[in-house]
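Colleague: Chains as they are written, first to last, in this note's numbering: chain A, -7 to 337; chain B, -7 to 337; chain C, -7 to 337; chain D, -7 to 337.
Hints listed in this document are in silico derivations from the structure and should not be mistaken for laboratory results. Keep in mind that this is a model prediction, so the values were computed, not measured. Among the hints, erroneous ones may be present.
Copies of one chain are not kept apart here, so a pair can be met inside one copy or by any two copies together.
[Claimed, not checked] Here are the simulated DSBU-like cross-link-like pairs (lysine-lysine), alpha carbons at most 35 Å apart as the crow flies:
| hint | residue 1 | residue 2 |
| --- | --- | --- |
| 1 | 149 | -3 |
| 2 | 14 | 1 |
| 3 | 297 | 114 |
| 4 | 332 | 273 |
| 5 | 70 | 332 |
| 6 | 276 | 1 |
| 7 | 309 | 70 |
| 8 | 14 | 254 |
| 9 | -3 | 276 |
| 10 | 326 | 215 |
| 11 | 309 | 39 |
Here are the chains, one letter per residue:
There are 4 protein chains.
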Amino acid sequence: MSDNKIWFKSDYQEGACPDILKRFTETMYEPLSGYGTDIYCASAEEKIRKACECGNARVKFISGGTQTNQLVISTVLKSYQGVVAAVTGHVSAHEAGAIEYSGHKVLTLPSHDGKIDAGELKTLLETFWNDDSYEHMVYPGMVYVSQPTELGTLYRKCELEAISVVCREYNIPLYLDGARLSYALMSDESDLTLPDIARICDVFYIGGTKVGALCGEAVVFTKDNMPEEFVPRIKQRGALMAKGWVLGLQFDTLFTDDLYFKLGRHAIEMANLLKKGMVEKGIKLHADSPTNQQFVVLPNDVRDKLAEDVVFENWEKLPTGETVVRFVTSWATKRENVEKLISLL
Amino acid sequence: MSDNKIWFKSDYQEGACPDILKRFTETMYEPLSGYGTDIYCASAEEKIRKACECGNARVKFISGGTQTNQLVISTVLKSYQGVVAAVTGHVSAHEAGAIEYSGHKVLTLPSHDGKIDAGELKTLLETFWNDDSYEHMVYPGMVYVSQPTELGTLYRKCELEAISVVCREYNIPLYLDGARLSYALMSDESDLTLPDIARICDVFYIGGTKVGALCGEAVVFTKDNMPEEFVPRIKQRGALMAKGWVLGLQFDTLFTDDLYFKLGRHAIEMANLLKKGMVEKGIKLHADSPTNQQFVVLPNDVRDKLAEDVVFENWEKLPTGETVVRFVTSWATKRENVEKLISLL
Amino acid sequence: MSDNKIWFKSDYQEGACPDILKRFTETMYEPLSGYGTDIYCASAEEKIRKACECGNARVKFISGGTQTNQLVISTVLKSYQGVVAAVTGHVSAHEAGAIEYSGHKVLTLPSHDGKIDAGELKTLLETFWNDDSYEHMVYPGMVYVSQPTELGTLYRKCELEAISVVCREYNIPLYLDGARLSYALMSDESDLTLPDIARICDVFYIGGTKVGALCGEAVVFTKDNMPEEFVPRIKQRGALMAKGWVLGLQFDTLFTDDLYFKLGRHAIEMANLLKKGMVEKGIKLHADSPTNQQFVVLPNDVRDKLAEDVVFENWEKLPTGETVVRFVTSWATKRENVEKLISLL
Amino acid sequence: MSDNKIWFKSDYQEGACPDILKRFTETMYEPLSGYGTDIYCASAEEKIRKACECGNARVKFISGGTQTNQLVISTVLKSYQGVVAAVTGHVSAHEAGAIEYSGHKVLTLPSHDGKIDAGELKTLLETFWNDDSYEHMVYPGMVYVSQPTELGTLYRKCELEAISVVCREYNIPLYLDGARLSYALMSDESDLTLPDIARICDVFYIGGTKVGALCGEAVVFTKDNMPEEFVPRIKQRGALMAKGWVLGLQFDTLFTDDLYFKLGRHAIEMANLLKKGMVEKGIKLHADSPTNQQFVVLPNDVRDKLAEDVVFENWEKLPTGETVVRFVTSWATKRENVEKLISLL
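Same shape as in the complex, but just chain A (with noise of 0.2 Å):
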């Protein structure tokens, strides 16, 4: 962009991390085969499954978040089931009836702080199934989480896997939409490590597009549970990329030398100062966020001239004449543009 703006807006506002670049130059001539066929595609699956710990892991690639979930949850999903999230869920929310348009209902509980709780889980499953007329119900098929949340919070380890308990118990599978899911690894409160996340979800996504790549996400099925035939039902959705190692080959390089944590640490340490600078100028937290997600009420005036230098994102606005604005730091964050950023508040 032409202006001289300092940029907070999101995670996805570079391009790819000099690695990735690198990569495709040296490729570039290589001919490969289609589909998600080569080597790069095989490399990839193959240290994402060293990294999860999780040796019978199959993993695929996909484009975005969105076509992610979309692809997951309805290939997962029986016809007559509907996927559990909380009302500020992604999949609830900010797909544009992406779940819905598959055929799938979104059955929704409430957020703490982005997040579901299990015992309310349990209560919906256990009121379900022991309504008379369920059968003319959409029947809760499989649970959604994401961490970090989409307000930035984290769960903790307990919390996920007392989450885990219920959905085994109910017998449905566990699904974590890691879109960021570096930064809730690499923050100071996290007390989940990838393996954790393997063994106590049935299938999760490692997001690239918000940590560094040009675009893409990994699929992860741990328990063995990848839909039968899943390549055409990927093809069916529009989702089998021709160039399929375009996804491989970055999510080879994100997992090669730790890349892939080391550009979320990044991110969380630009965050953590630029929330201390905040915290210290008296700005009021929105949230208290551990991850790249830093949520503030500005008073409209200071907001209207902090936009005249920095590009952010007005999140809510508050009947008090005050507006929750979100900054978002990533793997690109330069340390001098968070300090200017603190001495323009």
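Keeping the supplied structure of chain A fixed, place chains B, C and D upon it in accordance with the hints.
Modeller: Chains B, C and D only, in chain A's frame:
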């Protein structure tokens, strides 16, 4: 790949062309707004408008061909309509039922070397509307053609115009799948220009994946006819990329200094060279293709021997003990490899 | 049933009323054209137009309620839109996801005794259109209400008009589910007539299944707004009956000599009798329903004892050791059975 | 109808047969539980099991034929599969795209007088599984046949068994559409019994609408293969009737004292009489149909003259200045009308 074979397997076997990778590197840290609202998508749209000589065209960028076909067909058709296509059309045969997944039938016409015939199209439409029980049948609501066709052949201008006349008579749009459009436009036998196509068709797409991009197709609505609220429709189908500029930047590059056409011309020259060499060697052509896909008939033992050194696609087994094989050139094909292939044959 | 219990289980527990069966017998050998093109469908449509005082209304007959809701909602909505309904609405809760199966989300509002509030509807619509990222959300495209509601309550005329005003302001249609419409219109507390409903709503249906027909609902489009090519859309959803006149003949009968209203009035009188008797006996009403569904609270032992002689529905288990049960009257309810039920309580 | 024409237009032009109407009258005030859980559905299921000599068959009642086809096909197929049918099959041609609306492709085979050929079916399946890119195509997941066919012809036992052998070899179910099944079973040329059909097919339906019922088809799963949670699947498609016993009672009647077969036999006798009369008059048969649909070729002036007294269907315009017309007999056809038609010809 570590082996030393030469590859003529597809036009999506190599990566992105150097100019595109250069642009990615240059813009790596440039913050951009998401979901296709950035400056590069806008610039690419404007350049495509100019190249099409269609000032009010609307252009959207989608990551792959099947997704594009599914999106365009399912948003342009009314729910009770189907799309008319050749039995050999990609949407009929090779998209794993993506059109039907979106709720629409593909109504087939015979293939004449991959092409439909305007007269047969007219008969189909007449027959439908003359049927007393047409309300119990799928309404033909759109016509799909591909240029070049799946068999490498080309519509002549008069053929495409004849189809267009029928479409207008019955008030249904004509949609052209240009997954390999550059290889059609640059063929020695083409009498159709990009502005011709924009004028004759109601909507078409310019393929990037097979012409030097990492991924991406540019959908062009030429008659002020982009479906209303197109962005949520794209999102709902999982086809809205967060980093929309990944596609926009590539098309901006392809439509700078005629790169899109130069890449296509190179592939055609390589195909011509290959074809000439094969004809001179007495290889039997399966079809007389003027584009970058060459289909030839090889005795099975010759084919097996060749496969030791060359990667290509087996297209069709003939009852004669021969096989139709496909050799494909692309923007990335090296002259030395063409010569080597000829010498091996 | 061979047992001697008395039944208050539902208003679809008995067969067709005598007048309808008489018409079936009279017309048994009369040849008629299929798929709703017969004289009885035409006659019924005309009679409904008159009863609605809506000369240009278009009426179509569908076999059941869920099918009607699915058909109307999925043909009136655009593909990127959802329907707004109370959380207790039939389409939200008890149709096994039929709306989502057709690709559309149900956007829920709180239930106020089964009703939505015009103010909350307006807030929902304002909030949507004021959201910067509304293109990533499901567009509210229609409002669904039921009269009487699933809880037996009624919209007052002013309430329905207030909802209609909001709908018109946002240019979205108002759809009324009248599965039990006669029982609303004939309630002592109703201030809405059939012409009122036709005037206020854009589309509604007049329920037959629960008001004396074997099956059948009459969909009424009141504003020259029947979706184009509606017959193939009905067929495509499997909802076009070959013997369409089976439905038309029944509605022709129901709208002759005010039969539809007389049947409804009978049920209301029986419900009033029952309610009065229960109140006199000190039975606790769960809701003060002015229609044919009566919800009362019974201690579990009373309920168990009653169930030896009466068939009714357990509606909701209360944490108090009581159960909300539902007694339903209909066109077929006998006074002696109401008296017996009261005496048993 | 007020005119005095005689009707041979269809086998759904008249109402329900007297026995069925009698049962409706007898049970008018009998309270019954909803959604197919009543005693008549249970009794009808048991009688059909016996008639099929298939003790573990599961039977469900659906209101119409297209709805039944849509339901069975979309619940039995996996999402990536399509159904194989003759191009003339009802699901291919005359259901307004109901199968595609449910997301599935109809894969067509040539029609041999309305029938598919076991050898051609085998070739289709072999070709699919031998194709290197079968994952990009629609999987053949089910075979659809109709008996009698849409052209009034019949599968011989050996033909149906040959198709079944191929199905079992490829492990896909065989589905038979019996909209007019009685008219097949009772044909002089039939060598298939109802138990044969139950044995050979995996699922089929026994048509009621065209054989004396007001509406209704009985779906029979013969191999312990009813899709799990079938009731919510029916409901979700809008196909679960509240008064399910309306269908059950009719089939209970049809399968008492062989009524279903007697009704069919009457129609066949009337068709035989008509055919004999026409042949004697030298009328040209378009197809040699042994069932209740007779297709003959009439010069256009003869047809126009006949249409003054007889209602029939114009089937196909021939380039010769003749028209193929269809005369249909049914359970309700009167001998005197057949004789009158012959005399008029």
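Colleague: It remains to establish, for every hint, whether it holds in the given structure.
Modeller: Each hint, compared with the structure:
Taking the shortest alpha-carbon separations for residue 149 and residue -3, neither the intra-copy value of 39 Å nor the inter-copy value of 50 Å comes in at or below 35 Å. Both within a single protomer and between protomers do residue 14 and residue 1 lie at most 35 Å apart by alpha-carbon distance, with minima of 26 Å and 25 Å respectively. Taking CA atoms no more than 35 Å apart as the test, residue 297 paired with residue 114 passes between copies only; the shortest distance there is 32 Å, against 47 Å inside one copy. Proximity of residue 332 and residue 273 under a CA criterion of 35 Å is satisfied intra-copy only: 13 Å inside one chain copy versus 70 Å between copies.
For the homomeric pair residue 70 and residue 332, neither the shortest alpha-carbon distance inside one copy (51 Å) nor that between copies (46 Å) is at most 35 Å. Taking the shortest Cα distances, residue 276 and residue 1 sit within 35 Å of each other inside one copy (19 Å), while across copies they are farther apart (57 Å). Only between protomers do residue 309 and residue 70 lie at most 35 Å apart by alpha-carbon distance; the minimum there is 29 Å, versus 39 Å within a single protomer. In the homo-oligomer, the alpha carbons of residue 14 and residue 254 lie at most 35 Å apart both inside one protomer (17 Å) and across protomers (25 Å), since each shortest distance falls under that limit.
Within a single copy, residue -3 and residue 276 get their C-alpha atoms as close as 23 Å, which meets the 35 Å cut-off; across copies the closest is 63 Å, which misses it. Within a single copy, residue 326 and residue 215 get their C-alpha atoms no closer than 39 Å, and across copies no closer than 45 Å, so neither meets the 35 Å cut-off. Within a single copy, residue 309 and residue 39 get their C-alpha atoms no closer than 44 Å, and across copies no closer than 39 Å, so neither meets the 35 Å cut-off.
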